[in-house]
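Colleague: One-letter residues, chain by chain:
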Amino acid sequence: MAVIDAQGVYYRELNQRIKELLARGEREITLNNINGQRYIGDGLTEQAKLIINGTPGNDLAAFGNGAELVINGNGQDGIANTMNGGQIIIHGSVGDTLGYSMRGGEVYVKGDVGYRVGIHMKGYQDKQPLIIIGGTAGDFFGEYMAGGRMILLGLDRAEAQDIVGNYVGAGMHGGVIYIRGQVEDYQVGQEVKISGLDEDDRKELKGYLSGYCQEFDYDLEEVLNAEFCKLAPCSARPYGNLYAY
Amino acid sequence: MKGSRAEEKIMSGCAISGILNRKGNRFSGEEIIDSIALMHDRSNGLGGGFAAYGIYPEFKEQYAIHMFYDDLDAKEEVDYFLNRHFNIVVAEKIPTREVDKVSNPPIIWRYFATPNEQKLAESGLADDEYVAQSVMNINANYRGAFVVSSGKNMGVFKGVGYPEDIGEFYKLEEYEAYLWTAHGRFPTNTPGWWGGAHPFTLLDWSIVHNGEISSYGANKRYLEMFGYKCTMQTDTEAITYLFDLMLRKHKLSLESAVKAVAAPLWSQIERMEPKEKKIVTTIRTIYGNALLNGPFSIILGHKDGFLALNDRIKLRPLVVAEDKERTYVASEESAIREICPEPEKVWTPRGGEPVIGLLEGRRGV
Amino acid sequence: MSLDYKVPEFIIERDRDKCIDCQVCERQCANQVHIYDQDLEKMVAQDIDCVNCQRCVKLCPTNALTIRENPSEYKKNKNWTGNMIENIQKQAASGGILLTGMGNPTAKKIYWDHILLNASQVTNPSIDPLREPMELKTFLGRKPDQIEFDESGELKDLPPQLELDIPIMFGAMSFGSISINACKSLAQAASDLGLMYNTGEGGFHEDLYQHGERTIVQVASGRFGVHNEYLNAGAAVEIKVGQGAKPGIGGHLPGEKVGAEVSKTRMIPKGSDALSPAPHHDIYSIEDLRQLIYALKEATDYKKPVSVKIAAVHNVAAIATGIASAGADIIAIDGYRGGTGAAPTMIRDNVGIPVELALAAVDDRLRQEELRKNVSLVVSGSIRNSADIVKAIALGADAVYVASAALISLGCHMCQKCYTGKCNWGIATQRPELVKRLNPEVGAQRVKNLITGWSHEIKEILGGMGINALESLRGNRLMLRGIDLTDKELEILGIKHAGK
Ligand code: SF4
Ligand code: SF4
Numbered sequence: 001m002a003v004i005d006a007q008g009v010y011y012r013e014l015n016q017r018i019k020e021l022l023a024r025g026e027r028e029i030t031l032n033n034i035n036g037q038r039y040i041g042d043g044l045t046e047q048a049k050l051i052i053n054g055t056p057g058n059d060l061a062a063f064g065n066g067a068e069l070v071i072n073g074n075g076q077d078g079i080a081n082t083m084n085g086g087q088i089i090i091h092g093s094v095g096d097t098l099g100y101s102m103r104g105g106e107v108y109v110k111g112d113v114g115y116r117v118g119i120h121m122k123g124y125q126d127k128q129p130l131i132i133i134g135g136t137a138g139d140f141f142g143e144y145m146a147g148g149r150m151i152l153l154g155l156d157r158a159e160a161q162d163i164v165g166n167y168v169g170a171g172m173h174g175g176v177i178y179i180r181g182q183v184e185d186y187q188v189g190q191e192v193k194i195s196g197l198d199e200d201d202r203k204e205l206k207g208y209l210s211g212y213c214q215e216f217d218y219d220l221e222e223v224l225n226a227e228f229c230k231l232a233p234c235s236a237r238p239y240g241n242l243y244a245y
Numbered sequence: 001m002k003g004s005r006a007e008e009k010i011m012s013g014c015a016i017s018g019i020l021n022r023k024g025n026r027f028s029g030e031e032i033i034d035s036i037a038l039m040h041d042r043s044n045g046l047g048g049g050f051a052a053y054g055i056y057p058e059f060k061e062q063y064a065i066h067m068f069y070d071d072l073d074a075k076e077e078v079d080y081f082l083n084r085h086f087n088i089v090v091a092e093k094i095p096t097r098e099v100d101k102v103s104n105p106p107i108i109w110r111y112f113a114t115p116n117e118q119k120l121a122e123s124g125l126a127d128d129e130y131v132a133q134s135v136m137n138i139n140a141n142y143r144g145a146f147v148v149s150s151g152k153n154m155g156v157f158k159g160v161g162y163p164e165d166i167g168e169f170y171k172l173e174e175y176e177a178y179l180w181t182a183h184g185r186f187p188t189n190t191p192g193w194w195g196g197a198h199p200f201t202l203l204d205w206s207i208v209h210n211g212e213i214s215s216y217g218a219n220k221r222y223l224e225m226f227g228y229k230c231t232m233q234t235d236t237e238a239i240t241y242l243f244d245l246m247l248r249k250h251k252l253s254l255e256s257a258v259k260a261v262a263a264p265l266w267s268q269i270e271r272m273e274p275k276e277k278k279i280v281t282t283i284r285t286i287y288g289n290a291l292l293n294g295p296f297s298i299i300l301g302h303k304d305g306f307l308a309l310n311d312r313i314k315l316r317p318l319v320v321a322e323d324k325e326r327t328y329v330a331s332e333e334s335a336i337r338e339i340c341p342e343p344e345k346v347w348t349p350r351g352g353e354p355v356i357g358l359l360e361g362r363r364g365v
Numbered sequence: 001m002s003l004d005y006k007v008p009e010f011i012i013e014r015d016r017d018k019c020i021d022c023q024v025c026e027r028q029c030a031n032q033v034h035i036y037d038q039d040l041e042k043m044v045a046q047d048i049d050c051v052n053c054q055r056c057v058k059l060c061p062t063n064a065l066t067i068r069e070n071p072s073e074y075k076k077n078k079n080w081t082g083n084m085i086e087n088i089q090k091q092a093a094s095g096g097i098l099l100t101g102m103g104n105p106t107a108k109k110i111y112w113d114h115i116l117l118n119a120s121q122v123t124n125p126s127i128d129p130l131r132e133p134m135e136l137k138t139f140l141g142r143k144p145d146q147i148e149f150d151e152s153g154e155l156k157d158l159p160p161q162l163e164l165d166i167p168i169m170f171g172a173m174s175f176g177s178i179s180i181n182a183c184k185s186l187a188q189a190a191s192d193l194g195l196m197y198n199t200g201e202g203g204f205h206e207d208l209y210q211h212g213e214r215t216i217v218q219v220a221s222g223r224f225g226v227h228n229e230y231l232n233a234g235a236a237v238e239i240k241v242g243q244g245a246k247p248g249i250g251g252h253l254p255g256e257k258v259g260a261e262v263s264k265t266r267m268i269p270k271g272s273d274a275l276s277p278a279p280h281h282d283i284y285s286i287e288d289l290r291q292l293i294y295a296l297k298e299a300t301d302y303k304k305p306v307s308v309k310i311a312a313v314h315n316v317a318a319i320a321t322g323i324a325s326a327g328a329d330i331i332a333i334d335g336y337r338g339g340t341g342a343a344p345t346m347i348r349d350n351v352g353i354p355v356e357l358a359l360a361a362v363d364d365r366l367r368q369e370e371l372r373k374n375v376s377l378v379v380s381g382s383i384r385n386s387a388d389i390v391k392a393i394a395l396g397a398d399a400v401y402v403a404s405a406a407l408i409s410l411g412c413h414m415c416q417k418c419y420t421g422k423c424n425w426g427i428a429t430q431r432p433e434l435v436k437r438l439n440p441e442v443g444a445q446r447v448k449n450l451i452t453g454w455s456h457e458i459k460e461i462l463g464g465m466g467i468n469a470l471e472s473l474r475g476n477r478l479m480l481r482g483i484d485l486t487d488k489e490l491e492i493l494g495i496k497h498a499g500k
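Residue numbers (our numbering), protein chains in the order written: chain G, 1 to 245; chain L, 1 to 365; chain Z, 1 to 500.
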């Protein structure tokens with residue numbers, strides 16, 4: 001296992017060092033004193049593990065495709081941008097636009113997430129991206145969502161705090177969002193239908209959550225033992241009638 | 001009215017000639033006048049001029065600034081500027097004589113000066129850059145004033161007329177230089193402006209040039225990005241600045257600069273050794289806009305010698321000759337034989353192949 | 001539903017003396033205009049469905065067909081033209097957004113046609129390109145200010161460059177908006193000619209990977225088919241911010257065009273709409289663009305130049321300056337006459353500015369900022385012939401993107417119905433029976449022929465100017481003069497009026 005002290009190291013040099021270590025066959029690298037370095041894990045295809053201590057900069061794991069990243073701290077904006085595979089575990093909260101156009105892999109966030117999370121997330125064949133969020137989410141959650149799964153748990157939140165903002169799933173045309181609790185009609189986009197969970201949904205949810213609960217030491221049954229709602233698109237073709245031919 | 005700067009691109013054809021004494025022995029202006037005079041029919045009396053290196057040994061530490069002024073007002077303003085920015089050792093009229101065919105000269109003055117230490121320190125510039133910027137400032141912003149030359153221990157003498165008449169006008173037989181270049185001009189239009197004659201200079205660089213460059217518009221706009229102001233609408237000015245940029249500012253070797261202005265063809269580059277290929281490809285990629293396209297032959301004069309070059313597909317003539325002490329270049333062989341009937345060697349360089357004449361012991365200009 | 005007031009736009013005339021009722025037209029028309037009437041025992045036509053794509057005309061073995069604009073005219077009115085009235089009728093019937101394809105056809109000034117080129121006479125010689133060297137080679141990518149050596153005196157490597165033998169690239173057209181055979185034709189032609197082909201935002205079909213070295217892969221807001229392998233499969237990456245035909249709007253490939261192959265290439269489920277958001281949701285500001293540029297550079301190990309494509313809009317010069325300083329290696333500017341597979345008519349015809357003016361303004365500004373020597377500039381948005389290219393380069397472009405013209409060489413007849421997916425020429429369609437009408441080998445040859453012809457013409461024009469290397473034309477506006485232009489237009493273009 002290699003260790004890099006990233007104190008004062010610019011991202012370009014840091015990422016080059018990571019790539020060099022990986023090229024030499026290193027499979028686990030701990031990055032200490034990370035603060036703001038961008039693009040950590042960007043485009044990595046290796047099956048490797050990066051342990052990040054600190055606050056990594058924007059576009060963490062952008063275009064990532066296989067690596068596992070553990071962040072002991074909060075993340076910023078643009079995590080898992082266009083990610084194709086791999087796993088990101090964040091022991092804190094993150095900023096906006098998490099998982100933009102993400103196509104594969106998993107992101108577990110212990111805390112809250114910002115605006116436009118899971119925007120234009122897509123699924124394709126065996127690639128079904130998964131984002132699970134322990135806390136709450138801002139507006140435009142799952143905007144344009146075209147595939148994959150997002151699960152929003154809202155655990156440990158203040159009484160008055162909404163689990164999610166407005167315009168949830170605006171333009172959604174694929175994938176599923178599970179929310180532990182209720183959303184009002186006005187909160188969701190008009191392309192979304194809200195329903196309860198059936199048996200299959202519960203089974204699926206349980207499958208997704210078991211890894212998450214293990215990772216963050218939650219009791220799976222307790223987490224499941226609540227009312228969930230399911231958001232799915234009304235149609236895979238939301239704008240079919242928009243045009244005059 | 002002394003004529004004025006052109007508003008549009010000046011086109012002209014020409015004759016050029018140059019003589020270098022490689023040992024640094026100085027000789028009078030008579031021979032270069034004879035050489036350029038032989039090619040009388042290549043010019044039309046609308047411009048002639050000479051650059052001479054080594055003529056001011058007693059002031060060799062100072063910049064020799066040759067000036068044209070339309071009137072005394074213009075001179076007064078520039079004097080004020082120069083006095084503020086330079087320590088002037090000598091300021092005097094350049095001696096001339098009456099010549100029938102040379103009329104309407106401007107006020108012709110020269111200064112031997114060094115940058116004012118305090119102003120120089122404030123500017124944070126190197127000596128030569130300070131002078132270069134002052135020159136461009138005068139040329140761009142002082143109406144009725146024009147810097148003819150600004151190098152050390154060298155000077156340019158030019159005007160409207162045939163070159164042999166201009167030489168007589170300036171009494172060039174009284175000067176001794178180790179390097180002379182000369183130019184006779186054939187412009188298609190008639191601005192009749194003394195500043196427009198060749199050589200064109202900046203610091204130690206002087207250029208005489210034959211031909212018209214089709215790439216002028218591209219070269220000019222490229223130079224502007226490096227802070228050069230092409231105010232004269234002439235190819236010669238642009239060529240001078242290109243060399244100044246590459247040789248002085250970017251510290252390219254003369255060979256590399258030649259690869260930019262007369263770049264080898266891509267098909268030739270393709271056939272080069274990998275290392276050379278990389279260098280030339282890099283130069284052409286970065287300095288593409290420095291390529292001089294169209295017919296030209298030039299003599300770039302410098303305190304250490306000269307570079308003579310013609311365009312890469314040889315649309316303009318150039319002949320070189322050598323004897324024991326001297327190297328000659330000219331548009332026509334006869335212009336050399338006129339002053340050196342039996343040179344040891346005479347040859348015509350290939351298109352784009354530089355001819356470099358250096359003082360003994362100097363490694364490059 | 002009430003009357004929809006539709007009248008045929010085109011009238012089909014069949015010369016009965018020539019028609020042999022062979023039914024070729026019936027088989028050729030995907031709009032099902034021609035029908036063999038069993039009772040009448042002759043061919044009849046339903047004019048109303050004809051889009052005037054000229055397919056039947058060109059394939060009729062006896063030349064029996066003529067398509068004409070419907071001569072029926074509305075009462076003359078310069079304001080309420082027939083077109084305006086019909087658009088309103090269409091919307092009154094459907095409540096939809098007017099949709100169209102291809103570039104802006106309106107009668108606005110085409111500046112290329114008001115610019116004239118120079119040639120040498122006497123003072124410098126013209127050059128005969130058939131017998132003397134004539135160089136069109138062009139490098140796109142970031143250039144340092146000056147040549148650089150490392151401590152040991154070794155020449156430093158240049159940043160990555162795209163090497164073009166001719167300053168032409170095929171503009172972004174996604175697989176999905178055009179057929180795989182059209183993509184193959186363009187990619188093959190680019191490979192053979194030493195040009196670049198651009199994937200557009202539709203991913204990179206596996207059959208095209210062989211042309212990777214001649215491919216620019218695009219990253220648009222929808223990120224379709226974008227992954228690490230994709231980014232590294234091409235020679236350059238282009239961030240598509242905008243497109244001339246529809247600046248500021250996203251894209252929408254309808255689900256019926258998302259068949260098995262498109263689905264696989266875009267990595268989205270079959271039959272689902274492929275929606276491209278209007279903005280990149282990771283770019284809300286210029287510093288975000290920088291962030292994405294460098295995310296892509298990190299993902300490609302700084303081995304690929306990154307281009308940023310924007311639509312020509314009002315403050316394009318300032319935007320381009322920002323893009324250059326954000327680290328883009330190439331800036332591509334798409335003018336408002338650029339083509340598209342589908343765009344709202346009102347946007348296409350009213351948003352954005354002509355590329356000629358945008359180019360002049362951007363080149364000027366980049367020079368003022370002393371950035372032009374570092375960044376490459378590519379323009380598009382209706383480059384129709386070789387003279388347009390020469391003018392573009394003299395105004396200041398490094399190279400051009402050609403798209404509509406390339407499609408025309410493949411058989412497009414500018415019916416502007418690309419969005420219907422029923423392109424009878426096998427170009428803007430995904431229907432297998434139509435796609436196979438375009439043979440990719442024949443297609444590649446036709447595109448190559450076109451570009452070869454153009455490159456000869458460019459060389460002739462350069463030779464006439466007395467220039468034998470393209471870099472001497474680049475930004476050389478002295479080679480241009482305006483005709484029929486106002487002082488303001490001349491000032492923006494940075495050229496003089498003819499006669500001056
Ligand atoms: S749509 Fe095309 S093929 Fe069909 S009738 Fe009209 S011109 Fe002919
Ligand atoms: S690509 Fe096809 S549908 Fe589009 S304009 Fe051309 S011929 Fe018509």
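For the record, the hints were derived by calculation from the structure and aren't laboratory data. Heads up, a few of these hints could be off.
Simulated coverage check for chain Z against chain L, where a stretch passes if three residues somewhere in it have a Cβ under 8 Å from a Cβ of chain L [what the hints assert, rightly or not]:
hint : segment
1    : 123-131
2    : 138-144
3    : 150-162
4    : 368-374
5    : 468-478
C-beta: ideal position from N, C-alpha, C; glycine also.
Colleague: Each of the hints needs a verdict: does it hold here or not?
Modeller: Hint by hint, here is what the structure shows:
Given as covered by chain L, the segment 123-131 of chain Z passes the check, having 4 residues with a CB less than 8 Å from a CB of that chain where 3 are the minimum. With 3 residues carrying a beta carbon less than 8 Å from a beta carbon of chain L, the segment 138-144 of chain Z meets the three-residue requirement, and the given coverage holds. Proximity of the segment 150-162 of chain Z to chain L, defined as three or more residues with a beta carbon under 8 Å from a beta carbon of that chain, is established by the 3 residues found. Counting residues of the segment 368-374 of chain Z whose CB lies closer than 8 Å to any CB of chain L gives 3, so the stated coverage by that chain holds, three being the minimum.
Against chain L, the segment 468-478 of chain Z contributes 10 residues with a C-beta closer than 8 Å to a partner C-beta. That satisfies the three-residue criterion, and the hint holds.
Checked against the numbered hints above, the structure breaks none of them.
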